[in-house]
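J.: Chain residues, written in single-letter form:
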Amino acid sequence: MVCTKQVYICHDTITGIFSAIYDAWKESRDTEAGIALRGCLMPQLFCEYREVDEKEQKSIAVERLIKNNLGYNAYWDLYHALLSDGPEKADAVYQTILAARKVKDSRKIMEHLSNPHVAKVFELSRKVANEAHLFTEFIRFRELDNGVLLSEITPKGRVLTCIADHFTNRFPLENWMVYDKTHKVFLVHKAGMNWILVEGEELDQTEAEKVSTAELEYERLWKGFCKSIAIKERENLACQRNHLPIHFRQDMTEFR
Amino acid sequence: MAEVIQEQISLYDKLQILSDAAKYDVACTSSGVDRQGDGTGMGNCSKAGICHSFSSDGRCISLLKILFTNECIFDCKYCVNRSSNDVVRTSFTPDEICTLTMEFYRRNYIEGLFLSSGVLKSPNYTMELIYAALYKLRHECNFQGYIHVKAIPGADQELVKRVGFLADRMSVNLELPTAESLKLLAPHKTRKNILAPMRLVQQKMQDNRQEIVLYRNAPRFVPAGQSTQMIIGATPESDYQILNVAEALYKKFELKRVFYSAFVAVNEDSALPAKTGEGPPLLREHRLYQADWLLRYYRFEAKELLDENNPNFNIFLDPKCDWALKHLEYFPVEVNKADYNTLLRVPGIGYKSASRIVKARKMGTLQFEDLKKMGVVLKRALYFLTCSGKMMYRTKIEEDYILRNLLNTKEKLPDSVTGMTFKQLSLFDDVNFREAQIQTIVG
Chain P
1 MVCTKQVYIC
11 HDTITGIFSA
21 IYDAWKESRD
31 TEAGIALRGC
41 LMPQLFCEYR
51 EVDEKEQKSI
61 AVERLIKNNL
71 GYNAYWDLYH
81 ALLSDGPEKA
91 DAVYQTILAA
101 RKVKDSRKIM
111 EHLSNPHVAK
121 VFELSRKVAN
131 EAHLFTEFIR
141 FRELDNGVLL
151 SEITPKGRVL
161 TCIADHFTNR
171 FPLENWMVYD
181 KTHKVFLVHK
191 AGMNWILVEG
201 EELDQTEAEK
211 VSTAELEYER
221 LWKGFCKSIA
231 IKERENLACQ
241 RNHLPIHFRQ
251 DMTEFR
Chain V
1 MAEVIQEQIS
11 LYDKLQILSD
21 AAKYDVACTS
31 SGVDRQGDGT
41 GMGNCSKAGI
51 CHSFSSDGRC
61 ISLLKILFTN
71 ECIFDCKYCV
81 NRSSNDVVRT
91 SFTPDEICTL
101 TMEFYRRNYI
111 EGLFLSSGVL
121 KSPNYTMELI
131 YAALYKLRHE
141 CNFQGYIHVK
151 AIPGADQELV
161 KRVGFLADRM
171 SVNLELPTAE
181 SLKLLAPHKT
191 RKNILAPMRL
201 VQQKMQDNRQ
211 EIVLYRNAPR
221 FVPAGQSTQM
231 IIGATPESDY
241 QILNVAEALY
251 KKFELKRVFY
261 SAFVAVNEDS
271 ALPAKTGEGP
281 PLLREHRLYQ
291 ADWLLRYYRF
301 EAKELLDENN
311 PNFNIFLDPK
321 CDWALKHLEY
331 FPVEVNKADY
341 NTLLRVPGIG
351 YKSASRIVKA
361 RKMGTLQFED
371 LKKMGVVLKR
381 ALYFLTCSGK
391 MMYRTKIEED
401 YILRNLLNTK
411 EKLPDSVTGM
421 TFKQLSLFDD
431 VNFREAQIQT
441 IVG
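From first to last, the protein sequence lines are chains P and V. In this text, residue positions in the first sequence follow the numbering used here: the first is 1, and each later residue adds one. In this text, residue positions in the second sequence follow the numbering used here: the first is 1, and each later residue adds one.
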């Protein structure tokens with residue numbers, strides 16, 4: 001008899017992957033199964049592929065399952081791993097959840113770094129968290145003529161939800177917006193309200209270029225400041241590059 | 001006269017002049033205080049601090065670092081803004097400072113404001129202006145981000161206190177390590193005038209801690225602590241003297257940080273070292289920072305690292321390796337038994353890996369592979385450690401032998417010490433370079 005592996009195919013979103021985990025957990029947690037992302041699928045022999053019916057309810061159920069059984073800290077790592085750009089992330093998270101069934105204390109699953117799936121989740125989660133931290137540093141807003149602050153970024157992972165609380169707390173009375181150009185997602189904050197994520201829209205480039213009159217002057221002041229604050233006798237571009245990789249500079253005011 | 005010139009200077013030029021004049025101040029950290037925004041204004045602070053950009057010298061830009069004014073009645077020999085220098089003089093108004101800070105902050109350019117100043121008219125007058133600017137920023141603009149402010153030596157106690165309630169960190173620059181040097185290079189400043197506000201801030205912080213215990217919502221006084229900085233290489237002090245001063249500051253004044261600033265020759269003056277074309281003494285500055293860490297995190301004392309006969313750091317070895325080589329009688333230590341303090345003194349073991357070792361060895365006997373995973377730098381530590389009584393390789397416990405091997409492993413200097421090769425070391429780096437040392441290394 002040929003043993004077939006069941007592979008669940010879903011979109012690269014939290015809802016999609018959590019729905020796939022829901023189906024996989026429900027139907028085949030005791031047999032061999034995996035999760036693959038649509039668009040980065042490598043068909044293998046002896047596998048049966050199935051499209052996942054993606055639903056918000058399934059996603060909520062999985063979130064609860066993880067939080068209740070593995071604890072909030074493990075959920076934090078799993079969630080952040082899913083925001084990364086690695087194609088193997090969904091499977092690593094699913095296998096980690098399965099591995100947690102077998103260890104004595106499921107809440108300590110993230111300490112089992114000798115398990116390759118757990119190690120993968122740990123690596124991805126750290127990558128995303130580090131990238132998100134760098135964006136709290138390097139994001140630059142510009143003021144549009146309607147007073148909205150707009151920032152465009154080109155992150156590798158889906159970092160918007162990681163930085164949202166930071167900026168909401170920092171600029172509670174401002175209307176601001178961060179546009180993730182890689183994944184085409186907006187993070188939108190209206191003054192005095194909480195933030196929301198908007199998907200399926202594209203940035204109107206002509207509107208985005210209409211900056212306020214004061215904006216150009218502040219950009220000029222800032223660029224001037226960045227130059228005058230450097231000590232010529234200590235110039236060290238390698239050190240600057242190590243701390244502020246070239247990749248980030250495309251969206252930063254002082255390097256444009 | 002000065003006022004006439006001021007009117008014609010644009011905000012852009014003012015910012016150029018007053019940031020250029022502030023750039024020699026080292027501290028740009030926005031760390032030490034964790035504060036969430038209360039939703040009625042703008043800003044918050046994070047404990048570890050946030051850098052926002054890096055300038056072409058590789059230093060981080062975290063705060064809007066500016067002088068209130070570069071007019072100054074003092075004539076400190078090393079300073080660009082000394083009264084005898086002929087430079088364009090200008091001042092910000094409190095409004096301009098508020099606008100710049102708020103507009104830069106809301107674009108996420110900066111983490112807050114670093115406000116220093118030349119002495120305009122008198123210390124008190126200047127401190128009043130600083131107070132006015134900070135008051136406006138905190139209470140009218142409702143700015144809740146980070147503020148680092150300089151206390152002007154000689155200003156009234158009451159003013160220093162009032163400013164301290166508006167700022168997160170306060171610093172008084174010690175400028176030079178000894179009172180004699182200060183007299184020589186900063187004739188208008190005295191050691192007493194510098195230490196008095198430092199003591200005041202310390203006492204006020206202690207009082208404030210009591211107040212907060214009693215009344216949870218009492219206003220915070222300089223919650224991120226105070227720091228200071230010294231110029232290195234402008235005067236002939238030895239590393240030993242400098243380190244002793246730093247130690248005294250940590251112990252007696254409870255400073256958060258002492259910063260060291262490699263002397264950059266901006267003025268020609270007979271009292272200053274001549275311009276050499278060799279650049280600032282960056283390696284010496286680096287060694288002082290390394291030793292500073294040993295004082296703050298590794299429970300070393302200045303007198304253990306250096307003494308009167310050996311008053312300067314070894315340019316080839318970091319201070320910890322240097323200490324270990326001179327005290328081989330303590331080594332090797334047994335990883336599975338040695339107490340935390342002993343582990344801290346082993347080259348290649350940091351304070352984090354030391355505490356990991358102490359925790360992990362409760363679970364089982366540690367081997368060299370385990371140490372590697374915990375972040376111990378074995379290529380340095382292997383000469384000083386045993387695991388279950390065995391050393392990693394067959395090594396001799398001899399100063400010359402270990403020194404030769406350590407030098408072969410090449411210390412990784414940070415990028416901040418630019419492409420430093422032995423040839424570029426200047427006399428400032430090791431004033432009393434020991435001949436015997438050269439022979440050990442060459443031979």
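Among the clues, some could well be false.
[Said to hold, decoys possible] Some chain V residues near chain P, calculated using beta-carbon distances under 10 Å:
# : residue
1 : Asp13
2 : Lys23
3 : Ile66
Calculated directly from the structure, the hints in this document are not laboratory data. Glycine residues also receive a C-beta, built at the ideal position from the N, C-alpha and C atoms.
J.: For each hint, tell me whether it holds in the structure or not.
T.: A quick look at each hint next to the structure:
1. Asp13: Holds, about 9 Å.
2. Lys23: Result: holds, 5 Å to nearest chain P Cβ.
3. Ile66: holds (8 Å)
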